[in-house]
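Engineer: This is what each chain is made of:
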Amino acid sequence: MSAKENRSLSFRLGVVALGMFGFAFALVPFYNQICAALGINQIERAAETVNTQVDTSRTITIELDSNAHNLPWRFKPVVSEIKVHPGELAVVEYEIVNARDAAVTGQAVPSYGPQHAGQYFQKIECFCFTQQTLAPGETRRMPVLFVVDPKLPKDVNTIAVSYTFFEVPGRGGKT
Amino acid sequence: MSAVVHDHDHPHGYGHDHAHDDHHGPRKGLMRWVTTTNHKDIGTLYLWFSFAMFSIGGLMAVGIRLELFSPGLQYMDPDFFNQLTTMHGLIMVFGAIMPVFVGFANWQIPMMIGAPDMAFARLNNWSFWLLPFAATLLVLSFFMPGGAPGVGWTLYAPLTVQMGIGMDLTIFAVHILGMSSILGSINIITTILNMRAPGMTLMKMPLFVWTWLITAYLLVAAMPVLAGAVTMTLTDRHFGTTFFNAAGGGDPVLYQHIFWFFGHPEVYIIALPGFGVISQVIPAFSRKPLFGYASMVYATSAIAIISFIVWAHHMYTVGMPVTGQLFFMYATMIIAVPTGVKVFNWVATMWKGSLTFETPMLFACGFLFMFTLGGFTGLVLAIVPIDIQMHDTYYVVAHFHYVMVAGALFAAFAGVYFWLPKWTGRMYNETLGKWHFWLTLIFFNMIFFVQHFLGMAGMPRRIPDYPLMFETWNKISSIGAFGMGLAQLLFLYVVVQTIRKGEPAPQRPWEGADSLEWTHLPTPVPYHTFETQPVVK
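Quick mapping for you: the protein sequence lines, in order, are chains E and L. Going by our numbering, the letters in the first sequence line up with residues -14 to 160, in that order. Going by our numbering, the letters in the second sequence line up with residues 25 to 561, in that order.
So that you can see chain L by itself, here it is in the shape it has in the complex (with noise of 0.2 Å):
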């Protein structure tokens, strides 16, 4: 029974070669930022971007929460609630979500596969900066008349046709926000299939590469129908077409297919870099290999694939027939299958190693049990008898938000913890990030396992009132939400605070991760790295 000892492949030449590395550094000043081609910096710049929205998006969710804490109207008026919960979601979606994982990324991928930097920097560049422009324009959205879009994230048809200005702003920056995820997608792929270092083939990618090669597909496949979904609705809105307007011919529930085509892969583009940071912590923290490599490769392809034909699971109500019902719903089950081998390889890795459980590792078990949950609750929905049940009340809440905030945000945050030390050269306080870790755990739950109380209590989702036998789960839920957010506030204070005089790190913070960036660069990572490709064997 004794510990597993990890032998690496790689060659062991910490800064061999780099001395030139040095050469040239950033630029000084705010113009660094704004005209950088390097892959860290855009790196840094996605994920500061991504905790500035998830910030905007987490203060709207402490409304929708306040509001929510008595039954009533007390703070807002309806109107204003529904901005708040369609904004809530695009921003935390487009803004929060996509982002920070496309900064892990472009930090990662480069240093992970033994590139220079990404294949294309200039275009690198130009990605991220659409995105302040497109949060901007949805920010905006709010200030114009008649307010923001309170139609829900879906932005679902015939509602997005009779609202005001503000829906222009937010189909333009829906627009916006695809071409960036686009651009970053090909960039991405091209990076990952043409710059990899001398014999590091595909089946030797850490798994975060792969994991992020296939949802950069995904991202190519399936932003453009979106692009196109809200682009018909922009011209039923304005040029007379009628693509979702029944008395035209057209049909909103034509707009759901499209929609959700786009929408069912979108939540995999969420998930899956998340199963990436994962896979590179677990083994970490387990000091032992990934347990079945090749398997969470084609699970993770298989997952993708099967995410293109189960789109109507989100609208069984829409009064398909039941063969249609029937198909979506075992393709549904089917991906529970592929996601079922991901959880136990991640378990059988942990199984027998010689565990630690520091803090990026307990973001990564918390992941585990978390979004394992909410893949039970998914295959709960699954079912078309229960879903014509739960459809649209706070059992969906709860079941998206276990895979979104406990699945994506979680795995977020333990790759921020994992890589901090390698990006600045600096430990963050162990005992702070575990704080953080178990303040988000608990109020995390607190906001959200009661809603399933809540949901199949029959509780309507994006409704600001509520009959009052539904109050003490709700005032539970607001607490929750407040709680969680100010525990964020001690996230951005760690980090900081690693910036700014966090402990110097190790050279190998974490002696069982044994990817490229550990086992061949010194930590803190230089400005440029690999300008020689390093030759793995």
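Chain E on its own, in the form it takes in the complex (with noise of 0.2 Å):
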């Protein structure tokens, strides 16, 4: 029990501490490589894009919706719904408006109801993969090029497709 022995120790056990609050900040980059390799919550990414035949035995409703949060745009859906059959290519337009007489970047993260349905929604593309930015009282149309794939469960008939944009801090127009 000399004073030298239990330094030591605490020595190594602090060094412990400062690994697992390193580890903490490790986890971002192992979170982010798990859902990559598991194709969890690639939000970002374009779906591959693969022949598929159209079942037009289905007709899918697909809800649009939008949200700008804390953001001074105005941003919709140029029309609010469309009905597509599950494998047919299909065009969406959105329409923003920057209100504030500063440029803002934002960028747009969609959300899907129901949840499970978003697996489903393949974007070929979307202006949700890349940051926004839009000069003073700047109005954009925007389009989501997307297919539902075949495979979307048969009880799923609506597909409400939400986009949020936020603005991205410290790209310029703070308010």
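In short, the hints are calculated from the structure, not lab data. A couple of the hints might just be wrong.
Derived pair list, reagent style DSS-like, types lysine-lysine, alpha-carbon separation capped at 30 Å [to be verified]: (1) E/Lys(-11) with L/Lys228; (2) L/Lys561 with L/Lys458; (3) E/Lys139 with E/Lys108; (4) L/Lys561 with E/Lys(-11); (5) E/Lys136 with E/Lys108; (6) L/Lys499 with L/Lys525.
Since each chain comes alone in its own frame, lean on the hints to assemble the complex.
Structural biologist: Shown next, in the form of structure tokens:
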């Protein structure tokens, strides 16, 4: 029980504590890698285009929604609802207006209802893949090009697609 | 069927070689408590601090139950209600339950292993005195613009990123609390590993010391992860990082993973020292050695290790793949095995023992029943399809209060009544102690048993209002809360009365208790003990 042994043990435990503090931060890339490897939550990645058979026996209603979280933007879909067949290529457009007299950068994040329908809503092109910078007063029309996977479960007839624009911090146009 | 007569391994030498121990006592006045490096003084500080926090957190709980007494909004706006639930959770977990067991650790570990004090006495003082500052920050957050954070004690992103300045105070408070816990744990591990009396091998240590050794390792491994999580929240708030902000490529679900990676071991950080106290109390009042000592040690270690791989059972509904859900479901259920080993060992210890039911034993039995019930509802919640129904309902609230209040808090009460005669040299009033137990037990079940029904009927937690159909159970629950609050005033009275003018305690108040502090030290324990280490055979 010498003071030296005590100091050396406490030093080693301190290193463990610091290591675990670092581990918390290491979880960030680890989480992203796991998600990428398992294909979970890949909202910013375009779906791979595959040739699919259009299933004309089913019609899916796509309801479009929009939110601008704390952003001085007017953001809305050009049409609020369209009907598509699974496997069919479809395009919808969103319109966005920057009402602030400064440039603002935002990023749209999609969400789906029902939640598990998200993996069948395959976006080939989407404004949500990149950050959007709008000049003061600028109006922009942006497309979403998508295919509904024919493997969509039979009990899903309506998919609500909702985009929320968040301001990207530190990219100009702070309130 | 005769009562088992327990034979002690230890020499009975009350006060031998201790005449010189009293040559310098504590300083007088307030500075004694500010500058003290004595493990007993620091233990006392921890215990009183946690009682103060328990009272503040309890008042908040009474506020919550007052609002929920009737449907509709009566006394507070929803924001303030959210702040109360958040602060009640944070204060009870970090301010009351964790420090109370550190208090026991400080008092008991050196005496139980035959060490003169903790390994780092001055660091010990600092570990304690960090706490009042953290508590002040937490309470001050109520008076900031926007009030205290109303995000729930789990501090989930993205709400935490949007809160007012009260959130920053809370983040710093969590940092300070974490620092205090880590320093305290390093101290405890060093004390246990390096300062045991000759002959006190690891497998001869009282189980309370074992559970604390394992808890301290959990703290060193888990608390820094929480510090990391709140640091990320802080930089997201002020320094333009986007760990949890989806717009910048972050993910709020990531926060939940990091938080619960800390949060689940934290559950056992709270529970294990309580298991330790119970493992001292039950053998003492059964007048039998603890059944299955070695299996208790292994079970405790197993619980600690498995606790690191079950975290996502708190977040079944975030949309993880079914394989993930199944993994966490089975891992969670596996924890029930070592926990079951412990429960069976406690019951087997009581089996054919010569039982008496003084207040510590009553609380230990209350613990055994109620904690096991909470464990069972935990198993129910571990099942994915059921949890998806029960998620964020009052069933979950009932479950974790059964393990935290009837588990950890009852164990703490058992410990206070058990060791108070040793610490103060005075006996508490047994009748009042029993009253305290029965009132607490009845009112506790009145509050939380009915919340199982509310949860199964679908009442969500953390909401200040509810539909009319939930009114009856909520009224019963609220009345129970007021009663349980008042019963704790009785506890305060019992403790103060014991310290002031309790009957002198006999040399061995509990003849079944046989760890070093009972067999080798006089009652009350002198200010300095074991300056010459005893030899354990």
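Engineer: If a hint holds in the structure, say so; if it does not, say that too.
Structural biologist: Okay, the hints, checked on the actual structure:
Among the hinted pairs, E/Lys(-11) with L/Lys228 is consistent with the structure: their alpha-carbon atoms are about 25 Å apart, no more than 30 Å. Proposed proximity of L/Lys561 and L/Lys458 is contradicted: the alpha carbons are some 37 Å apart, above 30 Å. Our distance criterion of 30 Å between C-alpha atoms is met by E/Lys139 and E/Lys108, whose separation comes to about 20 Å. With a CA separation close to 27 Å, the supplied pair L/Lys561 and E/Lys(-11) stays within the 30 Å bound.
A distance of roughly 15 Å separates the Cα atoms of E/Lys136 and E/Lys108; the hinted pair therefore holds under the 30 Å criterion. For the suggested pair L/Lys499 and L/Lys525, the alpha carbons sit about 39 Å apart, so the restraint of at most 30 Å is broken.
Hint violations for this structure: numbers 2 and 6, all remaining hints satisfied.
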